[in-house]
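S.K.: Listed below, chain by chain, are the residues.
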Amino acid sequence: MQDTVKTWLTEGTVDIFLGYKMVEGHPIPHGFSRNCLDEIDEMVTGPARYSLEKFATQLLQIHPEAKIGILARDCTQRALNVLTIWQQISPGQIKTLQVNCCPSPLGSNTDCSYLQPAETGTYKAAHGVDGSQSLQTLEQMPEEERFDRWMYEFQKCIKCYGCRNVCPMCFCRECSLENKDLVGNGHLPPDIPIFHLVRAVHMAGRCIDCGLCEEACPAEIPLRMLYRKINDMMGTLFDYHTGSSPDQSPFSLLGDKPSSGLPPMTAELSKNK
Amino acid sequence: MECKFVPSVCSYCGTGCGILFQVVDGRLIGTLPMKTHPVNQGKLCIKGWNLHEHINSELRLKNPLIKTFGRFSRVNWDTAIRYTADRLQKIIKKHGPDSVGVLVSAKATNEENYLAQKFARAVIGTNNVDHCARL
Amino acid sequence: MTNSYDDLEGAGCIFVIGSNTTACHPLIARRIYKAKERGAKLIVADPRGIQLSHMANVSVNHRMGSDVALLNGMMHVICKNGWQAADYINSRTENAEALFAVLDAYTPERVQAITGVKAGDIELMAETYAQNSPAALLYAMGITQHTTGVDNVKSCCNLAMLCGNVGVAGGGVNPLRGQNNVQGACDMGGLPNVFTGYQPVSDADANAKFSEAWGRPLPDKPGLTISDMVPAMLDGKIKALYVIGENPKLSDPDWNHFNHALNNLELLVAQDLFLSETAQVADVVFPAASVAEKNGTFTNSERRCARINKAIEPVGNALADWRIISRLATAMDYPMNYGSAGEIFEEMRALTPKSYAGMTYERLGINGLQWPCPDTEHPGTPYLHSEQFARGKGKFHAIEYQDPAEMPDADYPYFLTTGRVFAHYHTGTMTRVSKHLDHEAPFGYVDINPLDARNIKVGEGDPVVLSSRRGEMEVAVRLNEKLPPGSLFLPIHFGESAANLLTSSEALDPLAKIPEFKVSAVQVCRAS
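Just so you know, the sequences run in chain order A, B and C.
To convert, take the position in the first sequence, counting from 1, and add 449; that gives my numbering.
To convert, take the position in the second sequence, counting from 1, and add 854; that gives my numbering.
To convert, take the position in the third sequence, counting from 1, and add 10; that gives my numbering.
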């Protein structure tokens, strides 16, 4: 792995390589560059995971022409696919060095060591949403109970915005979570359940089920479960599988012709005029 | 092109969360929670996530200032230090060391607090040293 | 904190009093969540309804300033039912009889009359705390910022010792520190009576040691606290003030009073990141480097000393505080030639044998070490007083309840308390310039119960005039049904609606000199 990265950097395949190095016992993300090739010997793959693809997107905003190498897990690849679709990166601008690990239904591998769900405590099991359960198990509960359990989870929110800040898919310049007409400002917990539902809705066609949001949540809200539901709906309703390829865009979902009998949107608009 | 992540500690409340400063080309562009830190275990609050914003603020003081006739003017360090030292020395000479008070900072580092109380006690010669822990 | 954050997760019960933890120490609130979800019981006592109240097994809103009565009431119930830790009390503590004698009178019914908390809830709090050991007690400024601040803290300690919770994992008395390095500033001798590691300036040996190390005879009479400096400034006894990284103009209890004091100075020197309210009235302002622009260490609430590392160059000509102090000392004929923060740390730890001596930058690493750490082999100390108390035996203090300095009356019929909001910090100099934090709370406001708002005929966002015996101000209303009627809450972060226009500099704890920010009597009426 180190040799590949060295070769990429010396041959100019990439200008910078985003990976990890150990600093005083902690894996810290780092941009390895041609100027400090020796550092690459300290490069490691784990045992923590940061949003490298987000760092790559941020670097490209500063250096639009840069060629970036990146240590990529399955979820990273899905993220890059979606970022390509949403035109945040150009195909070929980011070169991946694959490290396989993924427990997501969206991924092909199942050896991810990062997302061992914590043991669910008795109180959480009785009142909250157990993130280690499957979506199907949760959905077998009566609707009212599910609602109460989600409300319990949401009322713990301390509005850190960590779910958004860490998300590789949150690249919007203006965020709906900070639109006062949608989500009130200045309150803890934030408007329940609007804050989380606004975010969930915006995850449609975006969420690549990497689980970084849940890892970043101080209140341990099972966000991954929430967004999995969104992905599930995307799959069922539209046969859209977020992140599965860099070609399938949500804009082409409806095909050439709208098929559900709805009048074309343009007609609707002209009528309003 | 430089992209590095520097481990540090959040300087807002007293919890002491481990953070990473995200630095690109010598500029601070973000703050992240350190995943493996024993205090915050990879999570932060809204203040921690935005720690870099105050550091990058346009309102940061960039030069020493001396007020003359009610208006501040920019001066260099040598001037500011000399001016302050002279005025402190005159006050100490005339009114004694206990006519000076030093407020150290619950936001500065241990090293700086150590030095500030040393300054008060050894340089000025007073124990009038306190900070805003009560406030 | 006597204990550690990790410890909280192992508690059988967590009792939070006077701390809005989710807003002010969110990552400690996370540990409370985790303990609660694992099955620990949670008790929350706060004059306001706070976010944690919703998760609590027992949640009460006691009247502002009635903490001693509430805690005595809990202890009364514990003793009456024989739930106290008798063996622990016998072997590890002293003076319990004096406490018991006082507790007799604090029946749940009498405590209900003082605190407004139902007798049944007091009994439930007592049972929950006593029957779910180990129990951790957490508090913040809601306990300390009172004229009875020391009494409140001692009462917390009484309760914890009564149930054998001090010196055990998962228990303890845990004050949450409000600023990143309050703990360190105290440890480093940033106090008028002690050198580093709480070595008294009046102790002949300690004084001789520091005098020798620093090459000058040092004063051995304790100096003035900030609360005492203000009158000394007014009397003309203090002529110059050097303020490093603080904004007392907004954090001091009485704006007008403090302003007069500042005007009386011959020289005010301010050292800050920003032109704070205090720096604006200074004669000299030194631009300081921020946390990302220097090396050093901070010591957090759990006594963990950890390193900060320079990430970028200081902006403009700003300098790290230690460099500024060194230059000023050198210019005043006391050369300080430190090449790095690490050199200062080495000097400090050599003079601080019991707590910091065993720490080196290399040993601290990223995780840091918790003091006491007396030698370089010592692993640090997750919780204090494990085998015996620092003073030998834990001493109970018999404490009677006293009213706050100011109670509502016909002229000023409302209780006012002050505090932080989740997106801001202290006097706002750092957070109000931050875009995302400003979004959450761009302006000051006063929280008021909708019933009170209706009585004075105001709605959300309307301006009201708040007045106390010290001053008055206009501020916008925010309706908050979680605040009991008759009570108001004013955030402390906003210079344009500064809480210290209303609070008092005379209502101080006699021992700790801490002002009673948490209780004032005020009047509120619609702005004309």
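Simulated from the structure, these hints should not be mistaken for laboratory data.
Mixed in with the good hints, there may be bad ones.
Unchecked claim - On the chain B side, residues computed to face chain A include the following (Cβ under 10 Å):
(1) G896
(2) K901
(3) G979
Said to hold, decoys possible - Capping the alpha-carbon separation at 25 Å, the derived lysine to any residue pairs in SDA-like fashion look like this:
(4) B:K948 - C:E287
(5) A:K455 - B:I920
(6) B:K858 - A:I511
(7) C:K320 - A:K629
(8) C:K492 - A:S694
(9) B:K921 - C:R488
(10) B:K858 - A:H475
(11) C:K247 - B:K858
(12) A:K516 - A:D490
(13) B:K944 - C:N347
(14) A:K629 - C:S221
(15) C:K44 - A:Y601
(16) B:K858 - A:Y601
(17) B:K916 - C:R488
Just so it is clear, CB atoms sit at the ideal spot from N, CA and C, and this is done for glycine as well.
S.K.: Each hint should be assessed against the structure and marked as holding or not.
M.R.: Now the hints, each set against the structure:
| no. | hint | result |
| --- | --- | --- |
| 1 | G896 | 6 Å, holds |
| 2 | K901 | 9 Å, holds |
| 3 | G979 | 41 Å, violated |
| 4 | B:K948 - C:E287 | 29 Å, violated |
| 5 | A:K455 - B:I920 | 53 Å, violated |
| 6 | B:K858 - A:I511 | 14 Å, holds |
| 7 | C:K320 - A:K629 | 37 Å, violated |
| 8 | C:K492 - A:S694 | 49 Å, violated |
| 9 | B:K921 - C:R488 | 40 Å, violated |
| 10 | B:K858 - A:H475 | 14 Å, holds |
| 11 | C:K247 - B:K858 | 51 Å, violated |
| 12 | A:K516 - A:D490 | 21 Å, holds |
| 13 | B:K944 - C:N347 | 24 Å, holds |
| 14 | A:K629 - C:S221 | 59 Å, violated |
| 15 | C:K44 - A:Y601 | 14 Å, holds |
| 16 | B:K858 - A:Y601 | 39 Å, violated |
| 17 | B:K916 - C:R488 | 37 Å, violated |
Hint compliance for this structure: hints 3, 4, 5, 7, 8, 9, 11, 14, 16, 17 are not met, and every other hint is.
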